[in-house]
Amino acid sequence: MTRQIGYLATIIALAVSIVGLLMAAFGARRRQQALVAASYNAVYANFGLLTVATGAMVYGLVTHDFSIGYVAQVGSRATPMFFTVISLWSALEGSILFWGFVLAGLSAAVVFANRRREGNLVPYAAATLLAIGVFFYLLLVGPANPWHLVSPTPADGPGPNPLLQNHPLMAVHPPLLYLGYVGMAIPFAFAIGALLSGEIDKPDWMVLTRRYTLGAWAFLSLAIMAGMWWSYEVLGWGGYWAWDPVENASFMPWLTATAYLHSAMVQERRGMLKLWNVNLIVGTFLLTILGTFLTRSGVLSSVHAFTTGTIGYYFLAFIAIGLVTTFALVAGNSEKLASEGHLDAPASRETVFLLNNLLLTAFTFTVLLGTLFPLVAEAIKGIKVSVGAPFFNQMTVPLCAALLFLMGVGPSLPWRRTSWEQVKSMVVAPTIGAFVALGLALAVGIRDPFAVATVAFAAWALVCNVREYVIGAGARMKAHGENPAVAVGRLVAANQRRYGGYVAHAGIIMMSVAIAASSSYKYEREATLKPGATLALRNFDLRFKELWGRDEAHRQVIGADVEVLDKQGKVLGTLDPRLNFYPTQEQPVPTPSVRSRPLGDLYLNLMAFTPDGGSATIRAIEEPLVPWIWIGGFVVAFGAVISGWPTRRSQGRRVAVARPVSRGEGWTAPQGVGVATTQGMAQ
Amino acid sequence: MTNPIAPAPRSNKKWVALATVALMLGGFGYLAYGGIGENIVYFLTPGELIQKGDKAVERPVRLGGQVVAGSVVWNADNLDLRFKVTDGQGAEVLVHSRGAPPQMFRAGIGVVVEGKYTRDGVFQSDNLMVKHSNEYRAPNAEEMKHPERLNKTLMRESRS
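In order, the protein sequence lines correspond to chains A and B.
Mapping the first sequence onto my numbering, position 42 (from 1) lands on 42, and the numbers just tick up by one.
Mapping the second sequence onto my numbering, position 11 (from 1) lands on 1011, and the numbers just tick up by one.
A few of these clues could be false.
Claimed, not checked - Subject to a maximum C-alpha distance of 20 Å in a straight line, what follows is the list of computed EDC-like cross-link-like pairs (lysine to aspartate or glutamate): (1) A:Lys530 x B:Asp1077; (2) B:Lys1084 x B:Glu1114; (3) A:Lys530 x B:Asp1080; (4) A:Lys545 x B:Asp1077; (5) B:Lys1055 x B:Asp1080; (6) B:Lys1116 x B:Asp1054; (7) B:Lys1014 x A:Glu340; (8) B:Lys1014 x A:Asp344; (9) A:Lys381 x B:Glu1048; (10) A:Lys522 x B:Asp1126; (11) A:Lys202 x A:Glu268; (12) B:Lys1013 x A:Glu526; (13) A:Lys570 x A:Asp551; (14) B:Lys1052 x B:Asp1120; (15) A:Lys381 x B:Glu1038; (16) B:Lys1013 x A:Asp576; (17) A:Lys567 x A:Glu526; (18) A:Lys274 x A:Asp204; (19) B:Lys1052 x A:Glu340; (20) A:Lys545 x A:Asp566; (21) B:Lys1055 x B:Asp1120; (22) A:Lys274 x A:Glu340.
Unchecked claim - Computed list of chain B residues with no C-beta within reach of chain A, every gap over 12 Å: (23) Gly1070; (24) Ala1091; (25) Arg1119; (26) Gly1121.
What the hints assert, rightly or not - Anything over 10 Å on all C-beta distances counts as not near chain B; from chain A, calculated: (27) Ser334; (28) Thr366; (29) Gly569; (30) Asp612.
It should be emphasised that the hints constitute simulated quantities derived from the structure, not laboratory data.
Only a predicted model underlies this, so the values are computations on that prediction, with no experimental measurement involved.
The C-beta atom is built at its ideal place from N, Cα and C for all residues, glycine as well.
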């Protein structure tokens, strides 16, 4: 029964989407309000139907209804309830279903929020969203059907992939990623809507698109960070990023979305980069689809590659349709996408934004090249190759350093042009900061030139970042007699978008330094220890106490109790790295044990053991600053929240933004950065 | 109509900007092309590795095959591991690895070894991965004919 309800809801959703899509398109074209309104209802109905379908699947999982194909594939009576529920996204079909659910939900939310907006932007955007929906529902009734009947009904199933039921972060990372990935469909839909309705030369769609991109970007940032964290906590190799194709797949749209968030400001401010911005939005969305193709079609070897099948062709066809459609639409709107402004001077904020975009695009191409090269090599020359991590590091670390440099320069320069004196006074403090950090990095023993450069440029960016607050808050303190805390708070509140961006920058700086330090100043040892034996590390000593075993409902656990001592011999605590044996898989899944402190982590992984408990092989890693990667990730997302949080003030401002910016020759750049900060530079 | 003789500073500037961008893209492309050439890791079977001979020596390679029964020599005290990998068609390569093997490592299991083939005919492993799939089975005969397919189901279990 559950199976039939879910399947039926999916099929009806497909039908409703097709009908709704036609109603939206014709309604907009013929200016028939009733049709448009009906298409909005189709969007809402879709959300209802997908909720029913997803609910049915969760119900099927929870009640162990093994007649449902997907439940028979990932369900198991022994799996704890928590992991049973989240196994909704632990394999291909379920994840596509959940994808459809998120898409339907987000579509309903944005259409509802903009239902009263005049013109054809929203109807065409709704049509685009429904078209994307049609694609996913086609997958769900075709190659990725989770509802197929299993007969006779099995008594039990294998349970989800052990790697995916070994850590609670599996409840966090996938939904965040879906919100980020699917979220990028919304700005895409509005860009297509603007092109179709011819409203691409009006500022409306940009305001909406920027806000929605910011939201999706925040989720994607958190998702990438959660994925890194999961990799660190589960895979047992002490790292968090391996330039794995799947990681790259999530990173590429993040890079292009980041580029868009910056270049959108140039368009709002100066009427430039219009065509470029459309390309970035479309590119970001298509990269999310490419990412889904890479991770879900089985063309690449990875922890995320679930099955091989025909599904890949659907994705490639979808990407091709997206590219062709956009190309045709852009060509039809080329006059409206012409630039209104031009660069006045090399030293100006728009130049920095331009360079930032150039670097982020180069970054994206590097990652794309390294990710797709093995596929192309296999298709053309029939050879099996992979691209080593050194390629990515060599190419991207200099780009990161340059981006950090620009992150400092950009906010310090005014729009349009800068005087030589301004540039001179601007570079002094951050240069000192960069050299101090350089010395500090060398002093603590970091020798890797990439890492040293990253730390120096991060310090440069940090000094510039802090200076924005100091100058802005200083001006407020002087003008309004506020105390420093109040001044900073009101400064941020009054310039949400600008200072939200700076908060996000601070998060990126934290992550850069933490990644540079933890990857270059890692201390790693591996040893086979008998009970009572000790192992000396850089800052700690380890003493292996004993091996223990435990039976749990769905697995067997072997753990090693290891005491952590400081160099004076004082016991600081006990860590217990484990190996988990799942009945359905020979290979055990490790649970590393981590002692996390602000200055760094001590990471223990149980590699092997003798069954009589006579010895355990342990890998111990000291990694400085790792927690700051996770903290930095949260700070980035927090910055996005500050930046995008709707307030009455920003609602009022929307009107101000919508007004074309005056480009009269009499307009001069604000003289002092402080003045610029407290006045209307936020937009 | 614009006067064609009059100086056109804007279009000049445009050309300078375009040239700069082209130069940057060119340099970037050159770096990327060279970088990728240096960092390509070939996936080879023992037979292919031996066939390549000198061309495969001292280059990053992923070697895929099956651990030969009776070839495993493991010293737990200094974490020194030696074993042979076969493609099931007669070709064998001796592998030397440092560090504990994954818990499931044993004779007969499918492995992928990342490392370099040295002049003295030993494959020095940086990273030893045991092949294990979600479908929980040993590599079948079909897979042994195409050992590169083993790679599809790898997880990074014992990255070092």
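Review point. Is Lys522 (chain A) within 20 Å of Asp1126 (chain B), Cα to Cα?
Key: Holds, because 17 Å separates the two Cα atoms, which is no more than 20 Å.
Check your understanding: Was Gly569 (chain A) rightly flagged as not at the interface, with every chain B Cβ beyond 10 Å?
Key -> Label holds. Min Cβ-Cβ 25 Å, cutoff 10 Å.
Check your understanding: Holds or violated: are the alpha carbons of Lys381 (chain A) and Glu1038 (chain B) at most 20 Å from each other?
Key -> 18 Å, holds
Check your understanding: Do the alpha carbons of Lys530 (chain A) and Asp1077 (chain B) lie within 20 Å of each other, as the hint requires?
Key -> 11 Å, holds
Practice item. Beyond 12 Å from every chain A Cβ: check whether that's true for Gly1070 (chain B). Key: Label holds. Min Cβ-Cβ 20 Å, cutoff 12 Å.
Point to revise | 20 Å Cα cutoff - pair Lys1052 (chain B), Asp1120 (chain B) | key: 15 Å, holds
Practice item. Take the C-alpha atoms of Lys530 (chain A) and Asp1080 (chain B), compute the straight-line distance between them, and say whether it is at most 20 Å. Key: This hinted pair holds, its Cα atoms lying about 17 Å apart.
Review point. Given the proposed pairing of Lys1116 (chain B) with Asp1054 (chain B), does the C-alpha separation stay at or below 20 Å?
Key: Holds, because 12 Å separates the two Cα atoms, which is no more than 20 Å.
Practice item. Decide if the proposed pair is consistent with the structure: Lys1013 (chain B) and Asp576 (chain A), CA atoms, cutoff 20 Å inclusive. Key: It is violated: about 64 Å lies between the C-alpha atoms, which goes past 20 Å.
Exercise for review: Mind checking the alpha carbons of Lys1055 (chain B) and Asp1080 (chain B) for me, to see if they're no more than 20 Å apart?
Suggested key: 27 Å, violated
Review point. Non-interface claim for Ser334 (chain A): all C-beta distances to chain B beyond 10 Å?
Key: Label holds. Min Cβ-Cβ 18 Å, cutoff 10 Å.
Practice item. Quickly compare the C-alpha distance for Lys1014 (chain B) and Glu340 (chain A) to 20 Å and report which way the hint goes. Key: The hint holds at about 15 Å.
When held up to the earlier numbered hints, the structure conflicts with 5, 12, 13, 16, 19 and 28 and fits the remainder.
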